[in-house]
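Participant: Chains A and B, in that order, give the protein sequences. In terms of our numbering, the first sequence opens at residue 1 and continues consecutively. In terms of our numbering, the second sequence opens at residue 353 and continues consecutively.
A couple of the hints might just be wrong.
[What the hints assert, rightly or not] Some residues of chain A that are not near chain B, with every Cβ distance over 12 Å (derived):
(1) V18
(2) K24
(3) G31
(4) P40
(5) P68
(6) T99
(7) G152
(8) D166
(9) P171
(10) L228
(11) F233
(12) G267
(13) A350
[Said to hold, decoys possible] Here are some, though not all, of the chain B residues that point toward chain A, as calculated from beta-carbon distances under 10 Å:
(14) P385
(15) A386
(16) L388
(17) E396
(18) Y434
(19) P494
(20) F496
(21) Q511
(22) P607
(23) Y614
(24) F619
(25) R620
(26) L630
(27) G633
(28) V637
These aren't lab readings, by the way, just hints derived from the structure by calculation. These numbers come from a predicted model, not from an experiment. By construction, the Cβ of each residue, glycine as well, lies at the ideal position given by its N, Cα and C atoms.
Chain by chain, the residues run as shown.
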Amino acid sequence: MGATGAGWIVPKKYVEKVGDDGFKKAPVGAGPYQFVSFTPGQELVLEAFDQYWRKPPNVKRLVFKVIPDETTRLAALKRGEVDIVYSIRGELAEELQRTKGLTLKPAVIQATFWLYFADQWDPKSPWHDERVRRAASLAIDHDTINRALTLGYSRITGSIIPDTFDYYWKPPAPTYDPAKARQLLAEAGYPNGFDAGEYFCDTSYANLAEATLNNLEEVGIRAKLRPLERAAFFKGYAEKRFKNLIQGASGAFGNAATRLEAFVAKGGAYAYGSYPDIDALFQQQAAELDHARREATLHKIQQVVHDRTIYAHLWQLAFLNGAGPRVGESGLGLIPNYAYSAPYEDLTLAHQ
Amino acid sequence: MTRFITRRLSYSLLSLFLLSLTIFLFVRLTGDPAVLFVEPGASEADLDAIRQQFGLDQAIWVQYVDFITSLARGDFGQSFYYRTPVFELYLSRLPNSLVLATAAMAFSLLIGIPSGILAAVRVGRFWDGAGKVFALLGLSLPSFWIGLVLILFFSVYLQWLPSSGSGTAAHLVMPAFALGWYFAAAHMRLTRSSMLEVLGSEYIKLARLKGLPESLVIAKHAFKNALIPVLTLAGINLVIMINVAVVVETVFAWPGIGRLLYEGITFRDFPVVQGVVLMGGSMIVVVNLLIDILYAVIDPRIRLEA
Numbered sequence: 001m002g003a004t005g006a007g008w009i010v011p012k013k014y015v016e017k018v019g020d021d022g023f024k025k026a027p028v029g030a031g032p033y034q035f036v037s038f039t040p041g042q043e044l045v046l047e048a049f050d051q052y053w054r055k056p057p058n059v060k061r062l063v064f065k066v067i068p069d070e071t072t073r074l075a076a077l078k079r080g081e082v083d084i085v086y087s088i089r090g091e092l093a094e095e096l097q098r099t100k101g102l103t104l105k106p107a108v109i110q111a112t113f114w115l116y117f118a119d120q121w122d123p124k125s126p127w128h129d130e131r132v133r134r135a136a137s138l139a140i141d142h143d144t145i146n147r148a149l150t151l152g153y154s155r156i157t158g159s160i161i162p163d164t165f166d167y168y169w170k171p172p173a174p175t176y177d178p179a180k181a182r183q184l185l186a187e188a189g190y191p192n193g194f195d196a197g198e199y200f201c202d203t204s205y206a207n208l209a210e211a212t213l214n215n216l217e218e219v220g221i222r223a224k225l226r227p228l229e230r231a232a233f234f235k236g237y238a239e240k241r242f243k244n245l246i247q248g249a250s251g252a253f254g255n256a257a258t259r260l261e262a263f264v265a266k267g268g269a270y271a272y273g274s275y276p277d278i279d280a281l282f283q284q285q286a287a288e289l290d291h292a293r294r295e296a297t298l299h300k301i302q303q304v305v306h307d308r309t310i311y312a313h314l315w316q317l318a319f320l321n322g323a324g325p326r327v328g329e330s331g332l333g334l335i336p337n338y339a340y341s342a343p344y345e346d347l348t349l350a351h352q
Numbered sequence: 353m354t355r356f357i358t359r360r361l362s363y364s365l366l367s368l369f370l371l372s373l374t375i376f377l378f379v380r381l382t383g384d385p386a387v388l389f390v391e392p393g394a395s396e397a398d399l400d401a402i403r404q405q406f407g408l409d410q411a412i413w414v415q416y417v418d419f420i421t422s423l424a425r426g427d428f429g430q431s432f433y434y435r436t437p438v439f440e441l442y443l444s445r446l447p448n449s450l451v452l453a454t455a456a457m458a459f460s461l462l463i464g465i466p467s468g469i470l471a472a473v474r475v476g477r478f479w480d481g482a483g484k485v486f487a488l489l490g491l492s493l494p495s496f497w498i499g500l501v502l503i504l505f506f507s508v509y510l511q512w513l514p515s516s517g518s519g520t521a522a523h524l525v526m527p528a529f530a531l532g533w534y535f536a537a538a539h540m541r542l543t544r545s546s547m548l549e550v551l552g553s554e555y556i557k558l559a560r561l562k563g564l565p566e567s568l569v570i571a572k573h574a575f576k577n578a579l580i581p582v583l584t585l586a587g588i589n590l591v592i593m594i595n596v597a598v599v600v601e602t603v604f605a606w607p608g609i610g611r612l613l614y615e616g617i618t619f620r621d622f623p624v625v626q627g628v629v630l631m632g633g634s635m636i637v638v639v640n641l642l643i644d645i646l647y648a649v650i651d652p653r654i655r656l657e658a
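Bound-form chain A, shown alone (with noise of 0.2 Å):
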């Protein structure tokens, strides 16, 4: 036996004798199901291996289609094309959960969703001062946003870091008070709010991006909203080309120190600045072989970083799935923070 780079076992004998070509035309791996057959973007199908260690899958074949669009993934579900569709938002949902006979499978997975205020150490920015980030923060309608984007599944944590990651500290839950907002922005020497430049976001969740910039227009807060394509705004936030406002996400797995590394540490891949005090604290952290004092010490740094209002927590994601009459299991949400339909043995379909 032998593991593949990307983390599943493979017979090493079979690999050794088809070669790399041979393997991705018949792959044999070591799960429930076996391959049949796969046609680039368009379907995989695949057979129950009655004699998998676990226990025999309930489903004899499953066959994966690729449908891009949202609204038709819908109208497949609804026709019966399809029996479970993944990634369902908004009105759609709402649509699939009044639907008679369709099930909306929510899952709240590990991907954080924050706005960071890029500028927050030049000293000429108002994002300089704390007291404008936190009336931002102030001013988002958590609450509103997540009913009207993902019927109020997804979860307000107040943090960049999943509730499920180790050595995770739960913050007080944000509230939303915009009268508090503007009493902050007017103490900071904003009475009238202020320009506030560009607000960058990934197009996938400009949906979301357009609801936060409306919260913070409401408190006087003005930014024009840049929304750009997923592989160009990760490489603009990595290289920090980005001013103003960004609106970041994570789904990496890890813990907190690892999401702490990339987001808040001096150097950190998407850090446009850091806290020298937060920096002394994440490298004791990281020479700390005790786990409590470990657990101690990013305590502690998540609490700096959110009373320093460093980022503006905007949800922890649900993902949201749906299934159709003649599934009994879905497998949706059997995995905890797992998006997807797991373990594919646990299957069934509703007469079974």
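Starting from the known structure of chain A, arrange chain B on it as the hints suggest.
Facilitator: Chain B only, in chain A's frame:
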């Protein structure tokens, strides 16, 4: 004539070279594909490893020379995303696109030409007005909207047709309509204007003066001549339908070349985007070259002027 063909051929090769350079550079301006293969927050070392694997760590001119030399051997490179030769992917999608484009073209000609003729022979009257409205709607309604309305009506409400995919004639109906609708309007407009021009010419007046029945004047004398520009446009449109039906193929999950291009753009799969654009560009260049040569054969003034 040989000189004319040689010159036209060299223009075509120059066009293809410029196209290859443009698409090579433009696709690289759109972002870094490495970031799409890792989660945000991945280390720079992970990103570098991916760039190295795809050859994106090389200087841009080295990448271009590699690309062109491979192209000269007929190798379009390997897809970053599917890890499959691009030409193989292109050929696997081509039959689907040919079927869809042929059906859409048949629909657009069957609707566009008769309605264009009717509008021209009834100019200023009801059918002309109706034709103008049809052309306006056809050219202004976006195909994704038409596609979604068709799915809602015929798949969800009436349950007559499958919402997406391919494999049967029923799968073809809605995408062919959505794709052909725009081109039907374009063909209708061109047929109308071409027919009006021909109907106003001297030889048509003479035919009428000789007492030929109007149906014969339209069908035999006017229609044949008016059809030439329409068919020329239809030829170019067919190539466009084959290669860039991106929106319709995406909405209906039709596994054609347009969707391959969409996937290539979405995943920043540079070899796929380059391959599809170059294949489409080559088809257009070849069709234009053949048309130029045919015109020169038919009309000696063209090759003499050139």
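Participant: Does the closest beta carbon of chain A sit nearer than 10 Å to the beta carbon of B:P607?
Facilitator: Result: holds, 4 Å to nearest chain A Cβ.
Participant: For A:T99, which was marked as not at the interface, is the minimum beta-carbon distance to chain B over 12 Å?
Facilitator: Per Cβ check, A:T99 is inside 12 Å of chain B; nearest 10 Å; violated.
Participant: Answer holds if the nearest beta-carbon of chain A is closer than 10 Å to that of B:P385; otherwise answer violated.
Facilitator: Constraint on B:P385 satisfied, holds at 6 Å.
Participant: Beyond 12 Å from every chain B Cβ: check whether that's true for A:A350.
Facilitator: 20 Å, holds
Participant: Going by Cβ atoms only, is B:L630 closer than 10 Å to chain A?
Facilitator: At about 19 Å, which exceeds the 10 Å cut-off, the nearest Cβ of chain A leaves the hint on B:L630 violated.
Participant: Answer holds if the nearest beta-carbon of chain A is closer than 10 Å to that of B:R620; otherwise answer violated.
Facilitator: 5 Å, holds
Participant: Confirm or reject the statement that A:D166 sits farther than 12 Å, beta carbon to beta carbon, from all of chain B.
Facilitator: 16 Å, holds
Participant: Checking hints one by one. Is B:G633 an interface residue toward chain A, by the C-beta closer than 10 Å rule?
Facilitator: Violated - the Cβ of B:G633 stays beyond 10 Å from chain A, reaching only about 22 Å at its closest.
Participant: Would the stated hint for B:V637 survive a check requiring a Cβ distance to chain A of less than 10 Å?
Facilitator: Nearest chain A Cβ about 27 Å off; hint violated.
Participant: Hey, does A:P40 actually stay past 12 Å from chain B on C-beta?
Facilitator: 4 Å, violated
Participant: Close enough to count: is the Cβ of B:F619 nearer than 10 Å to one in chain A?
Facilitator: 8 Å, holds
Participant: Holds or violated: is the Cβ of A:G152 farther than 12 Å from all Cβ atoms of chain B?
Facilitator: Correct as stated: the minimum Cβ-Cβ distance to chain B is 25 Å, above 12 Å.
Hint violations for this structure: numbers 2, 4, 5, 6, 10, 11, 12, 19, 26, 27, 28, all remaining hints satisfied.
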